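Start from the sequences and build out the full structure, keeping to the hints where you can.
2 protein chains.
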Amino acid sequence: MKLKNLVGQRFKERPADCIIDSHALMLRGGYMKYVGSGIYSEFPALRRVTAKIEAIIRAEMDAIDGQEVLFPVVMPAELWQESGRYDSIARELVRFQDRSRSKLVLGMTHEEAAVQLVREYGQSYQQYPFMIYQIQRKFRDEARPRAGMIRVREFTMKDAYSFHTSQADLDQYYQRCYDAYHRIFGRVGIPEVVAVAADAGMMGGDLSHEYMLLNDAGEDSIVLCAACGYRANMEAAANIVENDGGEAEPLECVETPDCTTIDAVCRFLQRDICVSCKAVVYQKNADDAYVAAFVRGDYEVNETKLRNLVGEEIHPAEITADAPLTAGYIGPYGLSKQVECYCDLSLKGIAGLVAGANKEGFHYRNLNLERELGSVSYVDLAKVKEGGVCPCCKKPALTIRRGIEVGNIFQLGTKYSSSMHMQYTDKDGTIHNPLMGCYGIGIGRLAASVCEAKHDENGPIWPISIAPWEVHICCIRPDDAAAKKTADALYEALTARGVEVIYDDREGVRGGQMFADADLLGVPIRAVVSPRNQKDNKIEVATRDKSVREAVEISECCDYICRLRDKMHKTLLSHAPVLPV
Amino acid sequence: MKLKNLVGQRFKERPADCIIDSHALMLRGGYMKYVGSGIYSEFPALRRVTAKIEAIIRAEMDAIDGQEVLFPVVMPAELWQESGRYDSIARELVRFQDRSRSKLVLGMTHEEAAVQLVREYGQSYQQYPFMIYQIQRKFRDEARPRAGMIRVREFTMKDAYSFHTSQADLDQYYQRCYDAYHRIFGRVGIPEVVAVAADAGMMGGDLSHEYMLLNDAGEDSIVLCAACGYRANMEAAANIVENDGGEAEPLECVETPDCTTIDAVCRFLQRDICVSCKAVVYQKNADDAYVAAFVRGDYEVNETKLRNLVGEEIHPAEITADAPLTAGYIGPYGLSKQVECYCDLSLKGIAGLVAGANKEGFHYRNLNLERELGSVSYVDLAKVKEGGVCPCCKKPALTIRRGIEVGNIFQLGTKYSSSMHMQYTDKDGTIHNPLMGCYGIGIGRLAASVCEAKHDENGPIWPISIAPWEVHICCIRPDDAAAKKTADALYEALTARGVEVIYDDREGVRGGQMFADADLLGVPIRAVVSPRNQKDNKIEVATRDKSVREAVEISECCDYICRLRDKMHKTLLSHAPVLPV
Numbered sequence: 001m002k003l004k005n006l007v008g009q010r011f012k013e014r015p016a017d018c019i020i021d022s023h024a025l026m027l028r029g030g031y032m033k034y035v036g037s038g039i040y041s042e043f044p045a046l047r048r049v050t051a052k053i054e055a056i057i058r059a060e061m062d063a064i065d066g067q068e069v070l071f072p073v074v075m076p077a078e079l080w081q082e083s084g085r086y087d088s089i090a091r092e093l094v095r096f097q098d099r100s101r102s103k104l105v106l107g108m109t110h111e112e113a114a115v116q117l118v119r120e121y122g123q124s125y126q127q128y129p130f131m132i133y134q135i136q137r138k139f140r141d142e143a144r145p146r147a148g149m150i151r152v153r154e155f156t157m158k159d160a161y162s163f164h165t166s167q168a169d170l171d172q173y174y175q176r177c178y179d180a181y182h183r184i185f186g187r188v189g190i191p192e193v194v195a196v197a198a199d200a201g202m203m204g205g206d207l208s209h210e211y212m213l214l215n216d217a218g219e220d221s222i223v224l225c226a227a228c229g230y231r232a233n234m235e236a237a238a239n240i241v242e243n244d245g246g247e248a249e250p251l252e253c254v255e256t257p258d259c260t261t262i263d264a265v266c267r268f269l270q271r272d273i274c275v276s277c278k279a280v281v282y283q284k285n286a287d288d289a290y291v292a293a294f295v296r297g298d299y300e301v302n303e304t305k306l307r308n309l310v311g312e313e314i315h316p317a318e319i320t321a322d323a324p325l326t327a328g329y330i331g332p333y334g335l336s337k338q339v340e341c342y343c344d345l346s347l348k349g350i351a352g353l354v355a356g357a358n359k360e361g362f363h364y365r366n367l368n369l370e371r372e373l374g375s376v377s378y379v380d381l382a383k384v385k386e387g388g389v390c391p392c393c394k395k396p397a398l399t400i401r402r403g404i405e406v407g408n409i410f411q412l413g414t415k416y417s418s419s420m421h422m423q424y425t426d427k428d429g430t431i432h433n434p435l436m437g438c439y440g441i442g443i444g445r446l447a448a449s450v451c452e453a454k455h456d457e458n459g460p461i462w463p464i465s466i467a468p469w470e471v472h473i474c475c476i477r478p479d480d481a482a483a484k485k486t487a488d489a490l491y492e493a494l495t496a497r498g499v500e501v502i503y504d505d506r507e508g509v510r511g512g513q514m515f516a517d518a519d520l521l522g523v524p525i526r527a528v529v530s531p532r533n534q535k536d537n538k539i540e541v542a543t544r545d546k547s548v549r550e551a552v553e554i555s556e557c558c559d560y561i562c563r564l565r566d567k568m569h570k571t572l573l574s575h576a577p578v579l580p581v
Numbered sequence: 001m002k003l004k005n006l007v008g009q010r011f012k013e014r015p016a017d018c019i020i021d022s023h024a025l026m027l028r029g030g031y032m033k034y035v036g037s038g039i040y041s042e043f044p045a046l047r048r049v050t051a052k053i054e055a056i057i058r059a060e061m062d063a064i065d066g067q068e069v070l071f072p073v074v075m076p077a078e079l080w081q082e083s084g085r086y087d088s089i090a091r092e093l094v095r096f097q098d099r100s101r102s103k104l105v106l107g108m109t110h111e112e113a114a115v116q117l118v119r120e121y122g123q124s125y126q127q128y129p130f131m132i133y134q135i136q137r138k139f140r141d142e143a144r145p146r147a148g149m150i151r152v153r154e155f156t157m158k159d160a161y162s163f164h165t166s167q168a169d170l171d172q173y174y175q176r177c178y179d180a181y182h183r184i185f186g187r188v189g190i191p192e193v194v195a196v197a198a199d200a201g202m203m204g205g206d207l208s209h210e211y212m213l214l215n216d217a218g219e220d221s222i223v224l225c226a227a228c229g230y231r232a233n234m235e236a237a238a239n240i241v242e243n244d245g246g247e248a249e250p251l252e253c254v255e256t257p258d259c260t261t262i263d264a265v266c267r268f269l270q271r272d273i274c275v276s277c278k279a280v281v282y283q284k285n286a287d288d289a290y291v292a293a294f295v296r297g298d299y300e301v302n303e304t305k306l307r308n309l310v311g312e313e314i315h316p317a318e319i320t321a322d323a324p325l326t327a328g329y330i331g332p333y334g335l336s337k338q339v340e341c342y343c344d345l346s347l348k349g350i351a352g353l354v355a356g357a358n359k360e361g362f363h364y365r366n367l368n369l370e371r372e373l374g375s376v377s378y379v380d381l382a383k384v385k386e387g388g389v390c391p392c393c394k395k396p397a398l399t400i401r402r403g404i405e406v407g408n409i410f411q412l413g414t415k416y417s418s419s420m421h422m423q424y425t426d427k428d429g430t431i432h433n434p435l436m437g438c439y440g441i442g443i444g445r446l447a448a449s450v451c452e453a454k455h456d457e458n459g460p461i462w463p464i465s466i467a468p469w470e471v472h473i474c475c476i477r478p479d480d481a482a483a484k485k486t487a488d489a490l491y492e493a494l495t496a497r498g499v500e501v502i503y504d505d506r507e508g509v510r511g512g513q514m515f516a517d518a519d520l521l522g523v524p525i526r527a528v529v530s531p532r533n534q535k536d537n538k539i540e541v542a543t544r545d546k547s548v549r550e551a552v553e554i555s556e557c558c559d560y561i562c563r564l565r566d567k568m569h570k571t572l573l574s575h576a577p578v579l580p581v
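Each protein sequence line maps, in turn, to chains P and H. To convert, note that position 295 of the first sequence is 295 in our numbering; the numbers rise steadily by one, no gaps. To convert, note that position 169 of the second sequence is 169 in our numbering; the numbers rise steadily by one, no gaps.
Simulated from the structure, these hints should not be mistaken for lab results. Worth double-checking, as some hints may not be accurate.
[To be verified] Calculated Cβ distances over 12 angstroms to all of chain P for the following chain H residues:
(1) R14
(2) D65
(3) L573
[Claimed, not checked] 27 angstroms max Cα-Cα, derived BS3-like pairs, lysine-lysine:
(4) H:K4 x P:K427
(5) H:K4 x H:K427
(6) P:K4 x H:K427
(7) P:K427 x H:K484
(8) P:K2 x H:K427
(9) H:K454 x P:K427
(10) P:K12 x H:K427
(11) H:K12 x P:K484
Being a predicted model, the structure only gives us computed values, none of them experimental. In this text, a Cβ means the ideal position worked out from N, Cα and C, and glycines have one as well.
Here it is, written out as structure tokens:
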């Protein structure tokens with residue numbers, strides 16, 4: 001198509017409120033438009049990108065025997081009451097009433113709808129296994145939409161649900177999907193995406209992986225082991241701490257005036273922070289009951305781990321005057337029984353701790369948890385640290401990186417099939433709940449992530465598989481009859497060969513402006529026709545990633561570009577790394 | 001794919017609550033599943049149909065220079081307040097609040113979003129004309145969902161919006177879209193769809209057409225002229241009535257005991273119903289103010305016409321004791337000034353009417369409207385009758401048929417561009433609001449309409465362009481090695497040639513059951529491999545519409561089917577009638 005007809009305006013200035021490059025470039029390039037908090041419209045340039053991503057995902061889902069279905073965006077509350085999530089999910093789930101006061105929700109995920117669709121179909125073991133998927137809009141009332149298409153409230157998602165009669169079968173299918181995801185990310189141009197072990201969160205499953213694009217713009221922290229390749233989301237990474245014990249000495253309660261932080265008290269008592277016990281206090285959302293988490297002074301609490309241990313939603317505590325807690329002096333020994341208490345594994349094996357004495361102005365010295373409390377159930381609730389010990393190979397080789405989650409896969413077990421009474425009759429006549437897996441990819445976020453991974457200061461550098469067009473022709477000085485004729489002919493020849501071309505033949509627009517626009521559209525191959533090239537009987541062909549720049553004979557140019565394009569597609573297709581789970 | 005793997009169960013019994021065949025067949029065939037009132041999920045068989053419809057629509061929209069975009073399902077209330085529709089649309093528009101109490105709506109149509117997207121882009125006349133479209137989910141809180149996918153609350157819709165700088169340009173584009181719609185309906189297999197003049201309704205436009213599939217299952221009434229081809233929705237069809245005058249006689253007020261219907265009073269006074277004046281009373285939704293519509297006794301009020309005249313929402317009146325109306329005796333002469341009054345054109349030219357006297361137990365005889373009321377502005381508010389006079393050719397040749405609306409197109413004028421302040425600068429520097437057109441097709445309803453138009457008692461007869469598969473292979477007795485080998489080879493050969501095949505090789509399923517399932521899936525070409533055919537070295541090939549049934553040599557069969565399939569596609573493509581607006 002001709003660039004002059006393309007709906008969507010491009011501009012030069014970086015919008016003020018963009019914290020990441022892809023957001024700024026996708027606004028500047030006429031890809032998307034802000035409609036409301038976390039809500040965007042897609043201009044044609046982006047819709048072409050998302051449509052290509054959708055086609056790649058469909059092909060890969062079909063290749064692993066997926067069958068496309070469509071669930072509704074709006075669902076009756078009853079469906080979510082069946083699974084229990086109508087009550088357990090907080091305000092992310094939009095609830096409203098229709099004209100007859102029936103309660104409805106907006107789908108933020110579709111496990112319930114999937115089970116409802118196939119509950120009758122899947123009554124015999126003979127129907128298993130099967131996988132259904134959809135590409136559909138979802139709405140999640142995020143508290144903090146951010147970074148353009150990276151974290152929005154409304155989004156298009158591919159979500160897939162598989163059903164199985166045995167754990168072995170689920171494991172096998174999970175692996176197929178795991179591999180298909182790597183092929184998808186390879187085909188859309190970011191084969192560097194890594195799968196990391198993940199926390200199953202509200203999906204409530206057993207095994208789970210997230211696909212992470214390692215990128216400073218990401219909001220997730222990823223733990224990687226340089227020695228053995230272990231990878232996990234910070235939320236799921238086991239924290240390994242070895243303490244070297246020491247001699248147990250008698251417990252002392254000492255006055256520590258104005259020492260309300262763990263650093264201050266360690267300094268005051270001249271003890272290393274590695275033998276201190278830090279308190280971090282939360283409250284349960286449901287009833288504001290207090291929960292105290294104790295970690296070694298140099299560690300931080302991982303809220304997700306703690307939430308999973310507590311088994312319900314929590315928030316950082318506000319310690320009121322009548323609370324059974326002495327702010328600044330909270331410790332595990334002598335703590336009020338009203339407070340639920342968790343001790344992290346990082347405290348295990350320390351013979352004498354510095355810890356709060358639960359008394360204004362006092363701390364303990366030489367606190368020995370097992371001696372003082374009788375018995376202690378240590379739990380893993382701290383965040384892994386840079387340089388920490390790998391839970392897999394036990395080497396102190398952990399690094400922490402930022403990542404954007406571009407996909408996730410879960411083993412759900414029978415969580416939904418049992419709560420929603422989906423059952424099948426086995427060969428031997430016995431009744432079981434099928435096992436489920438679910439598999440998601442956000443389309444818009446994936447487009448933005450590719451842009452974040454592949455861009456320069458002038459615009460996106462789209463991989464050819466998802467670029468809005470494959471070739472961008474600039475006709476500099478279309479008022480020059482010879483140049484215009486050459487450019488028109490190239491446009492027609494390429495289009496006739498099935499190449500997707502955007503053609504800039506705007507009159508009165510300078511070359512610099514044309515190139516700036518081309519950079520913002522990020523089309524992988526550019527052909528520049530100009531009176532100067534024309535004189536030499538050449539067309540200048542260059543790639544957006546600057547790897548190719550060549551003056552090609554006019555008569556050769558269409559063939560040359562077609563070969564280049566085919567090669568670029570093939571290179572991407574070869575990026576389908578399969579990594580072990 | 002193999003039928004045994006297809007998700008979705010088929011069954012024999014017609015579900016109890018289905019008023020139309022397509023609904024029953026699409027449930028029985030495993031196409032769709034009820035989720036909630038007016039809300040369905042699509043099984044793979046239907047998703048394949050809707051995906052093909054979407055592809056055809058995309059191709060035709062692209063062919064008239066449409067550019068695909070994507071608007072959000074959820075929109076901020078402010079956007080709808082700009083156009084005024086946040087307040088003017090009743091409960092069809094779902095309104096809710098998010099976690100921060102911001103008001104949101106669910107998109108039931110996207111004029112507002114379209115204007116918001118291109119308001120900055122369209123600031124210069126040079127950008128015009130352009131058209132953008134999307135294929136997206138919508139939710140409309142219908143009071144009475146019915147007939148399966150025909151009238152639902154959540155649906156996938158293709159909605160397109162065009163922008164123009166002159167009425168001539170809009171007219172020209174409107175015609176292109178008008179033709180494209182006929183091509184779409186031809187390509188999906190229902191070329192018999194007719195365009196009829198329509199009422200613009202809440203879209204608030206000027207010129208509008210609906211595309212109607214004439215079918216008894218439809219909920220619209222369509223007026224057709226057998227003489228000249230005039231076609232209009234009942235809501236938009238002008239009603240032509242010629243009265244032959246007569247002599248004016250003196251007004252009389254006569255007692256008409258117990259005559260509270262127009263039939264009763266005409267019988268009692270021995271007058272023809274064609275000289276009577278019937279009152280139909282409504283109330284305004286906003287303030288319950290009364291509105292009286294008067295029509296000739298043998299006509300019915302068309303509520304849509306009346307609503308347009310009143311200019312706001314109305315409902316049939318409840319005449320309370322303190323109302324300024326005498327139920328059963330309401331007439332235009334002597335009516336309380338508190339009641340807004342409309343006289344239909346069917347009353348014009350009658351010298352002496354029978355009409356209510358606005359007095360309990362009394363009617364007028366010889367009421368002459370112009371004489372009694374001074375002057376009368378007659379308006380068109382009655383429904384056309386079978387055999388009525390065509391407003392176009394003036395012949396009494398009107399017939400009335402039921403129809404399903406499968407698409408609509410509107411000229412919106414500047415309604416949205418002016419209310420939402422979308423402006424462009426013209427060549428001469430003047431500022432204008434662009435003119436708009438909008439163009440909709442509901443995907444699911446179209447699928448159901450095709451099924452309604454093309455089915456027999458055993459299942460849908462899908463046109464090949466949108467059939468879930470092109471060929472259905474039944475292997476009767478797959479335990480017979482020779483038959484199975486033949487069927488497998490045909491499946492592979494057809495698949496290798498790019499034919500979409502569903503292959504039924506289920507063991508232990510009788511031929512009758514296989515054929516019943518094949519009928520429900522409605523695939524246009526069926527190939528039956530059986531031990532009996534095998535003996536003769538034949539495969540039986542038949543079409544779902546029964547036009548072809550032939551025993552074909554095994555070695556010829558793949559070629560034969562491919563030729564048949566190509567011919568069927570070509571026949572459909574040739575169904576692209578272009579009718580004048």
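Structure-based check of each hint:
1. With 12 angstroms as the threshold on Cβ separation, the claim that R14 (chain H) sits away from chain P holds: the shortest Cβ distance comes to roughly 17 angstroms.
2. With a cut of 12 angstroms on Cβ distances, D65 (chain H) falls inside the contact zone with chain P, its closest approach being about 7 angstroms.
3. No beta-carbon of chain P is positioned within 12 angstroms of the beta-carbon of L573 (chain H); the least distance is around 20 angstroms.
4. In summary, the hint linking K4 (chain H) to K427 (chain P) is supported, as the alpha carbons are separated by about 17 angstroms, within the 27 angstroms threshold.
5. The hinted pair formed by K4 (chain H) and K427 (chain H) fails the criterion: a straight-line CA distance of about 64 angstroms is larger than 27 angstroms.
6. Of the pairs offered as hints, the one joining K4 (chain P) and K427 (chain H) holds, with about 17 angstroms between alpha carbons and a cut-off of 27 angstroms not exceeded.
7. Restraint check for K427 (chain P) and K484 (chain H): satisfied, since their Cα atoms lie roughly 25 angstroms apart, inside the 27 angstroms limit.
8. Our distance criterion of 27 angstroms between C-alpha atoms is met by K2 (chain P) and K427 (chain H), whose separation comes to about 21 angstroms.
9. Taken as a hint, the K454 (chain H) and K427 (chain P) pair is broken in the structure, with Cα atoms around 40 angstroms apart against an allowance of 27 angstroms.
10. For the hint linking K12 (chain P) to K427 (chain H), the alpha-carbon distance of about 25 angstroms falls within 27 angstroms, and the restraint holds.
11. This hinted pair does not check out: K12 (chain H) and K484 (chain P) have alpha carbons roughly 65 angstroms apart, beyond 27 angstroms.
Going through the hint list in order, the structure does not satisfy hints 2, 5, 9 and 11.
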